[in-house]
Amino acid sequence: MTASSATPSSPSTAPAPAATRRGLRLTRLRDYGIVLFLIALFVGLSLSTDKFLTESNLKNVIDGSVAMGLIACAGTIVIIAGGFDLSAGAIFAVSAIVGVKVSNDVSPIVGMIAGLLCGCALGLINGVLCTVGRINHFVGTLGTMIAYGGLATAVSGSGLLLINDPSFGNLATTEILGFKLSTWILVAVALFCGFLLSRTVFGRHTFGTGGNLAAARLSGVPVHRTLAAAYVLSGAVAGIAGLIVAARSLSVSPTTGANLIFDALAAILIGGNSVLGGEGAIWRTMVGVAILALIANGFNLLGIDPLYQQIVSGTIILVAVGADAWTRRRA
Amino acid sequence: MSGEAAAQPHIELRGVSKNYGGVQAVRDVSLEIARGSVHAIVGENGAGKSTVSKIIAGVIPPSLGELRVAGQPADFASPRQALAAGIAMIDQELAMVPARSVIDNIFLGAESRRLGRLDTRAQRRRFEELIEQTGFNLDGDQHVRSLSVADQQKVEILRAIARDAELIIMDEPTAPLTQVEADQLYEIISDLRKGGTTILYISHFLDEVLQISDTVTVMRDGLHVSTKPAAEETEASLVRGMLGRSLELAFPQRRACDPASAPVLEVRGLTAAGRFADVSFDLRPGEIVGMAGLIGSGRTEVLRAVFGADPVDSGEILLGGTQLRARSPRALIDRGLVMLPENRKDDGLVMCRSVAENTVMAHLDDVSTNGLVRRDRQRKAVGKLMKDLDVRTSSPDAPMSSLSGGNQQKVLFAKCLMGNPRVLLVDEPTRGVDVGAKRAIYDLITSLAEEGMAVLVVSSELEEVLGLAHRVLVMRRGRLVANLDAADADEETVLSHAFGTAAAAA
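Sequence order for the protein chains is B and P.
Mapping to the numbering used here: the first sequence position 20 is 20, numbers consecutive.
In the numbering used here, each number is its position in the second sequence, counted from 1, plus 331.
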């Protein structure tokens with residue numbers, strides 16, 4: 001066994017700068033794969049039907065995804081923090097019902113505040129159960145989802161509740177600069193959540209807690225408070241979403257919003273957020289929401305047989321997420 | 332040992348390269364591993380040793396070049412195929428299912444079958460044979476998670492032997508072991524070698540490598556530097572090959588600390604049932620105190636308890652003369668006591684976040700106003716710490732996982748030091764860190780003490796403890812059994828206290 005020496009090279013300091021820069025940029029491109037898919041979907045729809053690229057259609061698409069989008073935004077923060085809020089759809093219902101009842105008894109404004117506070121309270125219960133209560137996040141919010149669902153039925157007397165004061169509807173329908181108030185609320189909440197995550201100490205706490213709970217705790221991060229706050233935010237936002245949907249039809253029923261959570265979770269994950277926590281961004285969730293909204297819109301406009309809609313939609317989702325996963329983690 | 336030059340090499344690499352994106356982990360490496368020999372690979376973190384072994388074990392494919400096993404080209408698509416070719420790997424992070432039994436783990440992936448069902452009797456028979464053959468003292472039905480690390484390793488070795496492995500790759504096997512357990516491992520390796528098994532051994536411990544191997548390969552920056560019989564190398568020559576320059580391996584000079592100064596940390600009668608009992612000690616400013624003891628003696632538990640990470644049953648802790656009532660990591664960090672945890676991946680760093688985020692995580696208030704993070708202040712603070720500690724990274728926004736072990740450890744130090752603590756508790760300062768970074772960390776600890784910081788170092792490397800500390804505490808089975816001045820602390824004395832073989836001390 002003889003020696004074959006390496007050519008004397010510089011000691012292992014920073015790697016060859018050119019190679020790294022190219023490598024890093026390529027990774028960046030891969031990170032945005034899902035955005036390319038969204039753009040492709042948008043272009044494809046614009047080309048396949050002229051009913052797509054109209055002002056009224058696009059505004060409808062955006063406004064129609066407000067409820068799901070709101071829940072997905074706040075749900076993103078919970079997931080990044082390492083939690084999981086399955087009960088958001090149920091909180092949506094209970095808050096709306098409480099809001100409507102109080103509105104009928106007192107006034108719409110007080111009703112909306114009551115609905116919002118209800119969402120916060122239900123979220124806080126989730127937060128306490130999953131931190132101090134030491135219940136697994138998935139199981140805990142599954143339990144509250146069922147319990148809150150029952151609460152919705154009980155409080156509403158299991159029937160449709162009508163809103164007496166039509167000014168309640170202003171929450172959803174008021175137009176500002178051509179867009180409905182509900183749309184603006186979605187934009188505001190998305191921007192706020194994005195701001196929270198990227199610019200605040202709370203955001204750092206969230207990423208740390210979700211990224212490595214033990215390490216965050218040993219770094220002095222208040223992990224329980226962070227998770228609880230995320231759940232309260234999720235509850236509050238679900239409440240707002242519930243009030244908006246009630247405002248649209250001036251009525252609410254206990255089964256409203258039951259499937260929202262699954263669409264919201266799909267949007268969060270399609271956008272490329274990690275279900276394990278510690279990584280992610282609100283823009284990703286918004287991309288996911290947009291993709292799901294466009295798919296549904298496409299079905300309507302193209303008149304796809306409802307029989308096949310679910311198969312097509314599931315396939316598109318698999319393609320989108322698969323392509324994203326494949327390009328992102330090439331070891 | 333590596334005698335029969337005419338015989339075909341067991342494993343051969345020809346011009347093997349591996350790149351990840353733009354990064355070349357291994358460049359044009361060619362080497363031969365002789366059958367029935369103990370062949371070691373040494374190199375700094377990032378030199379490519381683990382990558383080479385993973386290529387041989389079928390965990391990752393080479394980007395270029397050829398792997399030959401027993402003269403035949405081999406193109407493994409998975410570790411399973413490598414196993415079928417007689418190659419087994421025991422990784423640094425032991426790969427077992429903690430909730431399953433020893434027997435289940437040994438036969439995982441190669442279960443005995445009879446008529447489509449699991450043949451537990453055949454497995455148990457084979458297990459008994461293996462125990463007989465190796466002389467290991469293991470209970471087949473015990474759950475793996477309740478075993479010590481040393482015993483878990485034995486399970487991994489049995490797993491390799493059960494598959495009739497002809498080549499066993501061991502990556503840093505002695506890092507988590509005590510000297511006694513390491514010696515047992517050397518025996519095992521020697522027996523395996525006598526039985527004709529080839530061993531590929533990766534380690535940072537150069538003395539160990541020279542002791543047990545026949546041939547040593549040195550790698551640097553992904554390149555093959557040399558492959559020579561171990562007899563022709565010395566620690567110094569290996570270091571020269573690894574770094575491309577010489578390195579003074581001795582410990583930095585420590586300045587004597589003032590024995591009259593008031594202690595900054597006083598621990599009195601700390602007790603936690605099942606973990607430790609009646610632990611009392613002092614720490615003075617500028618003092619480096621080492622804490623030695625066998626694995627399981629309670630050192631980490633004491634550190635975590637002082638830091639407030641775990642609760643205690645009774646006892647007092649005084650910091651700067653004031654008794655500490657509220658004990659949590661946050662409370663202690665705010666009062667100037669910080670702990671560097673034993674396991675940086677599990678407890679110290681958030682691997683998916685960036686270097687900068689990890690560095691400031693314990694002191695976010697110092698780089699923010701009213702809850703808003705100020706990027707400029709963060710950049711300044713991080714920049715200064717990176718420079719002071721000489722952390723090598725492409726950018727402060729690089730993910731933690733892209734750094735070498737040594738640099739990750741430096742970032743962990745940076746995080747702990749950001750608030751200029753008065754007391755630093757360090758648990759295994761150089762675990763999984765290469766020679767160059769080790770020395771840098773020793774220099775760091777010594778200079779921190781010179782500037783007045785009190786440092787408590789827990790380490791399983793006795794050499795490290797003796798080289799750094801002004802005083803040595805020894806733990807045994809949860810109790811503090813010795814408090815020795817550097818002058819009185821030598822390897823034999825410390826070990827005899829750790830094992831409990833010392834006569835009743837004066």
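Accuracy of the hints is not assured; some may be wrong.
Here are some, though not all, of the chain B residues that point toward chain P, as calculated from beta-carbon distances under 8 Å [said to hold, decoys possible]:
(1) R199
(2) T200
(3) R204
(4) G208
(5) A214
(6) L218
(7) S219
(8) G220
(9) H224
(10) R225
(11) A281
(12) W283
(13) G322
(14) A323
Hints in this document: simulated from the structure, not taken from any laboratory.
Note that beta-carbon positions come from the ideal geometry of N, C-alpha and C, so glycine has one too.
Cross-check of the supplied hints:
1. R199: holds (6 Å)
2. T200: holds (5 Å)
3. R204: R204/B check passes; min Cβ-Cβ to chain P is 6 Å, inside 8 Å.
4. G208: Holds, about 5 Å.
5. A214: holds (5 Å)
6. L218: holds (5 Å)
7. S219: With Cβ-Cβ at 4 Å, under 8 Å, it holds.
8. G220: Hint on G220/B: holds, closest Cβ of chain P at ~4 Å, below 8 Å.
9. H224: Result: violated, 11 Å to nearest chain P Cβ.
10. R225: Violated, about 11 Å.
11. A281: Violated: closest Cβ of chain P sits about 13 Å from A281/B, beyond 8 Å.
12. W283: Violated - the Cβ of W283/B stays beyond 8 Å from chain P, reaching only about 17 Å at its closest.
13. G322: violated (20 Å)
14. A323: Since chain P brings no Cβ nearer than about 18 Å to A323/B, farther than 8 Å, the hint is violated.
Checked against the numbered hints above, the structure breaks hints 9, 10, 11, 12, 13, 14 and satisfies the rest.
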